[in-house]
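The residues making up each chain are set out below.
Protein chains: 4
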Amino acid sequence: MRIALLGAGRIGQIHAANIHHHPGSQLHAVVDVNAAAAKSLAERYGAKGSTDVDAVLADPAVEGVFICTSTDTHVELILKASQRKLPIFCEKPIDLDLAKVDTCLSEVSRSGVPLVLGFNRRFDPHFRSLRDAVRRGEAGDIEIVKITSRDPAPPPPAYVRVSGGIFRDMMIHDLDMARFLLAEEPVEIFATGSCLVDPGIGEAGDIDTAMVILKTRRGALCHIDNSRRAVYGYDQRIEVFGSKGMLQAANPPPTTVTRYTRDAVLTDKPYNFFLDRYPEAYRAELDHFLEVAAGRAEPLVTGHDGRAALVLADAALQSLKLGKPVPIPQ
Amino acid sequence: MRIALLGAGRIGQIHAANIHHHPGSQLHAVVDVNAAAAKSLAERYGAKGSTDVDAVLADPAVEGVFICTSTDTHVELILKASQRKLPIFCEKPIDLDLAKVDTCLSEVSRSGVPLVLGFNRRFDPHFRSLRDAVRRGEAGDIEIVKITSRDPAPPPPAYVRVSGGIFRDMMIHDLDMARFLLAEEPVEIFATGSCLVDPGIGEAGDIDTAMVILKTRRGALCHIDNSRRAVYGYDQRIEVFGSKGMLQAANPPPTTVTRYTRDAVLTDKPYNFFLDRYPEAYRAELDHFLEVAAGRAEPLVTGHDGRAALVLADAALQSLKLGKPVPIPQ
Amino acid sequence: MRIALLGAGRIGQIHAANIHHHPGSQLHAVVDVNAAAAKSLAERYGAKGSTDVDAVLADPAVEGVFICTSTDTHVELILKASQRKLPIFCEKPIDLDLAKVDTCLSEVSRSGVPLVLGFNRRFDPHFRSLRDAVRRGEAGDIEIVKITSRDPAPPPPAYVRVSGGIFRDMMIHDLDMARFLLAEEPVEIFATGSCLVDPGIGEAGDIDTAMVILKTRRGALCHIDNSRRAVYGYDQRIEVFGSKGMLQAANPPPTTVTRYTRDAVLTDKPYNFFLDRYPEAYRAELDHFLEVAAGRAEPLVTGHDGRAALVLADAALQSLKLGKPVPIPQ
Amino acid sequence: MRIALLGAGRIGQIHAANIHHHPGSQLHAVVDVNAAAAKSLAERYGAKGSTDVDAVLADPAVEGVFICTSTDTHVELILKASQRKLPIFCEKPIDLDLAKVDTCLSEVSRSGVPLVLGFNRRFDPHFRSLRDAVRRGEAGDIEIVKITSRDPAPPPPAYVRVSGGIFRDMMIHDLDMARFLLAEEPVEIFATGSCLVDPGIGEAGDIDTAMVILKTRRGALCHIDNSRRAVYGYDQRIEVFGSKGMLQAANPPPTTVTRYTRDAVLTDKPYNFFLDRYPEAYRAELDHFLEVAAGRAEPLVTGHDGRAALVLADAALQSLKLGKPVPIPQ
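Residue numbers (this note's numbering), protein chains in the order written: chain B, 1 to 330; chain U, 1 to 330; chain A, 1 to 330; chain R, 1 to 330.
Treat the hints as calculated values from the structure; they're not laboratory data. Each residue gets a CB set at the ideal place from its N, CA and C atoms; glycine is no exception. Do not take every clue at face value.
[Said to hold, decoys possible] Taking CB as the label site, the calculated pair distances span: (1) G9/U / R161/A: 53 to 63 Å; (2) E43/R / R44/B: 24 to 34 Å; (3) G295/R / G9/B: 27 to 37 Å; (4) G9/U / S243/R: 48 to 58 Å.
[Claimed, not checked] Reference listing, derived: stretches of chain B covered by chain R, where coverage requires no fewer than 3 residues with Cβ under 8 Å from a Cβ of chain R: (5) 123-136; (6) 241-251; (7) 260-269.
Given the sequences, and given the hints that come with them, work out the whole structure.
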């Protein structure tokens, strides 16, 4: 499959390399508003660089699209690709505005093109293995889910200002993971938080330390904690507890080396951030997208999943503002 | 120090053995409403068995008191012992009624006798080591605390009915641990929960699965989760996260034996329940009590600590009923 | 059982405390050539201190003997105790001279008194659990055994000179453990080693770093490595590998606390030395001795076991000298 | 770099995929005596399949050679490639006959072409990290090295018969690792072993369970244990102990998922075999080969390393036959 990659930034570069190296795909074109960036990334893999997304999407050779641009362009690009009947992979989120998301998804639905959303953690082998075990019933009926997600360092306040806030920018991954793990939809959410890491984040109107509790109709409880700054690295853990036991997925250490010294026993700290933590997940996303585009699989992350995570993030923000739990619109 | 032990039940038996074996203490008398139980436990260690608490407390040989009776007798026994000017160790809680606790503590304070409360986990070497590290600043400024506490099997609904409910009966230990770890008092609490383990507990008006979030004035967040039934054993873990890193205390396994089989790698599950999980803590409580009674140490768990944990438990219950966070009376 | 403790040194003090605290035993007398040491230890537990071993053994109140004196006195004291028909616990080794051991054991056998030898590691709960699993067949037919044993710091060369050498002084524990684990007797041993830690040990005619391979008739292989200096603490590990899998027993850490820092993830180093590593083993030795003395159990470590470990240690030394494997006399 | 791959078997397929996907290399041709195998593998990556090694090596487009054929053809192919002045990557061993190895290496040396040998474990990130730490002196002066290497299942006796035996076929990797870790050459080796896994291996004149002790001039000791059958998977561990502490590299588990059940705590068993255990190592080998071919790095595994490991394997076999340690020819 010849793929057009839209967006030559950090995450676009990951996908470009994977598309090039995958036996089932080929990087056909790279589009970016920055011509030099598009050209440089394209040339690395023998593809065409361009700043003209319409021209590239009109190219009959293009068979699929990866959307890795900034969030505010996602809806427009999804719509263009769906008009061209091209299978779409889009980085999360679809948009920060729920109404725009709804309009976009109904267009996609009408067009019939498959859309896979980039919630990368669903594709991580550790979390995937845990979720498969949950689905096989190894934990029994789910009673408690706990998700920890902490970034190594806070983003600059300027980014925070346009990010949509911690719930829509960061915790949205964990809210999606909660839905991925729980066998049913949450019906209520309580969110709280503080600005403890960087006062500039507070001045930008956001928090940097957050906790959320979700409750499902059946009464299962899910807790999420986020911090924008874990000095020991990228901290991503999951725990699922139920009537038959508990399943945990821990941070995989870069190496298994243990050092016994005069003072302590030392092992590796976790990976630094998502690019080195989730390389297999990005490769698995591509594998999956190619299967979906070929009609051999249903999307593991649908547009509806993207919408549902955004609904939870919005509800979390509302709960934070009101200082009490709010119901989740079903 | 010659000690009178009041209450010959499960926890009384632990203290009796420790008092007998400790070089600095001697079991002088055992009192229980069940004469046979008092006699049997007393004889095991060469002490006197009795059903008459007043007679025993009037015995001039008695130099200290351990109160291990049912909760509803604690206040009366504390008052008797404080009138006799005897140093007191009392199992938690002082009482489920805050007004009675206040009256009791002001009497104790007037009498000047030292009172040590039996929040055993403060004395556990693993948690103690973690807390010492927190106090040394190894985690930096505390931002997130997470406490997991799950019992192996639910109590009978009949017990639940008189227990004061999950917050005052079970989570009170975790609420005390939260105060022990945080460098400041919580100002707000949100509690939620479900009855997922045993419908009989729901019929008794209680829940068996609970989550709580505490917030301090500075904005630090503390999460506690409780379940009445963890099939893999007694699950007691702590995590403290801050500006300089993270500290965790895990479940100590009974042995370090690992089995590599055709199917998986197996290690021991956690200890079954508190009696086998916390033997060192009970010994350390006695060590500490003897130091306090000798005037060489201040109580690590005061009557005020007992009161403060009860205030939190009561606030949790109120939050659960109201369905929203409530402020903690300071 | 009223026990006479012979030897008030480091290990004698451990046994004295355990004997005092055990509900089934009482410390009746402490004998040491150093009168002050005997007195001081005896007074701590309300026992009699003495320098006269014959007088103490003649005391009709004495019902059992713990021999914790220096190795060169063991045989004489065992014989005295066996003439008095007293059940005997004796620290390892019986003697460094095999002929003396044989004479001694045949006297003990004639007298019919039970003799339990102090190979403490057989009583450690971790190793005991591993060995029980091995006996239940969890590893299948044993093919490979690996035993690691490293002390935290070398003894002074003066001690080394009279110690009998690393095989008889230190590795003898591991040789006994090898026999404890293997289902059959070794038939061949190869030993090698170096002086890498302290040249003074080399000058004293010994090595401080050693490796041994034992082979059983069936062909199972057992490897032991020893070092006199592990800067990270007392390192005692076992691995048993067989047709059905592998069992390992690791160093139990003092606490389960884990620290995540900017640089690494840190856990506790192992215990410092045998006194803090094996407290449960010493208590279990006493439990076992009391059961044996009461006729309710057969010795878990017999005089024959002590002899067999010495035979292996002697063979190791011979192999080291000859520079090649030697057969084990059966 | 356009690469000709000789040998389309299991390991050749690994290298073919890596060469194809690497940005700095291209799979130009695949040669195999089995025409269908050559064609099938070549076509997967747009390369030419052939049975004619001379024709392929004569192709001026070829810039480098990967030799992945059966051992008995290695020398001939190395010589052909070196005559063509092509940089060579060759799977271990060069040959089982030391004289042929010497002739071959002196030809390679004369030709000046770089030769990298495929001791894959040197390139594994876990072992590489451990060795880097050793080289930085984190363990201090090396005193004890322990290498465990166990295959999941024994090869058929027919393979064993032509394999050169366990030391040259299997332990040769560990002997190379020993040299990689030790800062000096071994001067003596003792080998022992048994046939415990499959009597057919014994009938083929080999053993399936082996232990070796190496000693360096300075007196450092290195132990290796091998088994042809570990039911729990591919077991590859290293321990380096020295004057400043200990470093260990463990088996990396496929996932970090832990399961807490009614009976035990379960984690993943190790990877099944080398293909899934060492994918990063094979990629790193290729990276390294391209650097060496470009003159930007010296080979991490030279022909001399291949020879030295074979010398150790031969000496191990001699020791096994003689039943005593033998000196290593220097």
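Against the structure, the hints:
The hinted window of 53 to 63 Å between G9/U and R161/A holds, with their beta carbons roughly 58 Å apart. The supplied range of 24 to 34 Å is met by E43/R and R44/B, whose beta-carbon atoms lie about 26 Å from each other. For G295/R and G9/B, the Cβ-Cβ distance of about 35 Å falls inside the hinted range of 27 to 37 Å, so the restraint holds. Separated by about 55 Å at the C-beta atoms, G9/U and S243/R satisfy the suggested range of 48 to 58 Å.
With 5 residues carrying a beta carbon less than 8 Å from a beta carbon of chain R, the stretch 123-136 of chain B meets the three-residue requirement, and the given coverage holds. Only residues whose beta carbon comes within less than 8 Å of a beta carbon in chain R count, and the stretch 241-251 of chain B has 8; three or more means the coverage holds. Look at the stretch 260-269 of chain B against chain R: 3 of its residues bring a Cβ nearer than 8 Å to a Cβ of that chain, three or more, so the hint holds.
Violated hints: none; the structure is consistent with every hint.
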